[in-house]
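Enquirer: This is what each chain is made of:
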Amino acid sequence: ETGVTQTPRHLVMGMTNKKSLKCEQHLGHNAMYWYKQSAKKPLELMFVYNFKEQTENNSVPSRFSPECPNSSHLFLHLHTLQPEDSALYLCASSRWGETSSYNEQFFGPGTRLTVL
Amino acid sequence: GDSVTQMEGPVTLSEEACLTINCTYTATGYPSLFWYVQYPGEGLQLLLKATKADDKGSNKGFEATYRKETTSFHLEKGSVQVSDSAVYFCALKNPPHGSSNTGKLIFGQGTTLQVKP
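Those protein sequence lines, which keep their order, are chains W and E.
Just so we're aligned, residue 1 is where the first sequence starts under our numbering, counting upward by one.
Just so we're aligned, residue 1 is where the second sequence starts under our numbering, counting upward by one.
Where hints are given, some of them may not hold.
Said to hold, decoys possible - Heads up, simulated DSS-like pairs for lysine-lysine below, C-alpha to C-alpha not over 25 Å straight-line:
| no. | chain 1 | residue 1 | chain 2 | residue 2 |
| --- | --- | --- | --- | --- |
| 1 | E | Lys77 | E | Lys49 |
| 2 | E | Lys68 | E | Lys49 |
| 3 | W | Lys40 | E | Lys49 |
| 4 | E | Lys56 | E | Lys104 |
| 5 | W | Lys22 | W | Lys52 |
| 6 | E | Lys104 | W | Lys22 |
| 7 | E | Lys116 | W | Lys19 |
| 8 | W | Lys40 | E | Lys77 |
| 9 | W | Lys18 | E | Lys68 |
| 10 | W | Lys18 | W | Lys52 |
| 11 | E | Lys60 | E | Lys116 |
| 12 | E | Lys104 | W | Lys41 |
| 13 | E | Lys52 | W | Lys40 |
| 14 | W | Lys52 | E | Lys60 |
| 15 | W | Lys52 | W | Lys19 |
| 16 | E | Lys56 | E | Lys68 |
| 17 | E | Lys68 | E | Lys116 |
The set of hints was computed from the structure by calculation and includes no laboratory data.
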């Protein structure tokens with residue numbers, strides 16, 4: 001596998017279910033991101049991890065719980081979601097450097113989540 | 001706060017037509033600007049970028065010029081193909097500040113391009 005992979009690609013869950021999204025990067029990066037993509041809205045950054053440490057949480061509800069056990073893997077644990085949480089969830093990774101003006105983010109194909 | 005505004009889609013064109021997708025931004029600093037493309041069923045891919053005023057980013061026949069005076073970064077292509085059908089996202093990122101380089105991209109809402117044969 002190369003690049004950034006995400007599983008599952010599609011997920012349908014009820015509001016009382018607990019599920020997890022998985023992201024894996026094979027690029028040697030040390031920063032990983034979760035984004036939410038809803039129809040006709042800008043991509044929303046949810047969480048940022050740098051060297052496994054969470055550096056940003058953009059006021060995301062606690063029903064979304066990220067986990068980054070190492071710099072290659074990122075999870076998003078879901079529980080008691082709402083129908084409005086239905087969206088495409090994108091994972092991305094990049095290098096992380098204090099002096100770089102830009103470290104390109106590489107995106108996975110996303111998980112299409114439907115909450116019933 | 002910083003923001004990016006794109007023209008609403010979908011944009012529907014015939015093959016070989018000229019394309020312009022407008023993008024304007026609001027930023028407190030001197031951001032770098034980007035266009036990302038998302039093909040059906042795939043994640044976003046960086047299409048091109050420009051890091052300072054008057055820079056022109058180009059790739060795969062697409063171009064965009066960083067216009068500081070109009071705070072714009074319009075995407076253009078002289079002759080589109082069916083394979084260019086995708087969603088295009090304009091984005092900005094401010095320069096790193098101390099140790100707080102979060103790599104945070106601010107995206108527009110995306111513009112869907114449909115190219116018909």
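Enquirer: Please go over all the hints and tell whether each is borne out by the structure.
Expert: Status of the hints after comparison with the structure:
1. Between E:Lys77 and E:Lys49, the direct Cα distance comes to roughly 15 Å. Compliance with the 25 Å bound is thereby established for this hinted pair.
2. Annotation: proposed proximity of E:Lys68 to E:Lys49 holds, straight-line Cα distance about 14 Å (limit 25 Å).
3. Restraint check for W:Lys40 and E:Lys49: satisfied, since their Cα atoms lie roughly 23 Å apart, inside the 25 Å limit.
4. For a cut-off of 25 Å, the pair hint linking E:Lys56 to E:Lys104 stands: about 22 Å separates their Cα positions.
5. In summary, the hint linking W:Lys22 to W:Lys52 is supported, as the alpha carbons are separated by about 15 Å, within the 25 Å threshold.
6. For the hint pairing E:Lys104 with W:Lys22, the CA-to-CA distance comes to about 21 Å; that is within 25 Å, so the pair holds.
7. Distance hint between E:Lys116 and W:Lys19 is unfulfilled; the C-alpha atoms sit about 40 Å from each other, more than 25 Å.
8. For a cut-off of 25 Å, the pair hint linking W:Lys40 to E:Lys77 stands: about 23 Å separates their Cα positions.
9. Taking the CA atoms of W:Lys18 and E:Lys68, the gap is about 47 Å. The hint is violated against a cut of 25 Å.
10. With a CA separation close to 23 Å, the supplied pair W:Lys18 and W:Lys52 stays within the 25 Å bound.
11. As the CA atoms of E:Lys60 and E:Lys116 are separated by approximately 19 Å, the hinted pair is consistent with the 25 Å bound.
12. Between the alpha carbons of E:Lys104 and W:Lys41 the distance comes to roughly 17 Å, so the proposed pair stays at or under 25 Å and holds.
13. For the hint linking E:Lys52 to W:Lys40, the alpha-carbon distance of about 29 Å lies beyond 25 Å, and the restraint is violated.
14. For the hint linking W:Lys52 to E:Lys60, the alpha-carbon distance of about 35 Å lies beyond 25 Å, and the restraint is violated.
15. Pair hint W:Lys52 plus W:Lys19 holds up; C-alpha atoms about 21 Å apart against a cutoff of 25 Å.
16. Among the hinted pairs, E:Lys56 with E:Lys68 is consistent with the structure: their alpha-carbon atoms are about 12 Å apart, no more than 25 Å.
17. Pair hint E:Lys68 plus E:Lys116 does not hold up; C-alpha atoms about 34 Å apart against a cutoff of 25 Å.
In terms of the numbered hints stated before, the structure departs from hints 7, 9, 13, 14, 17, listed from lowest to highest.
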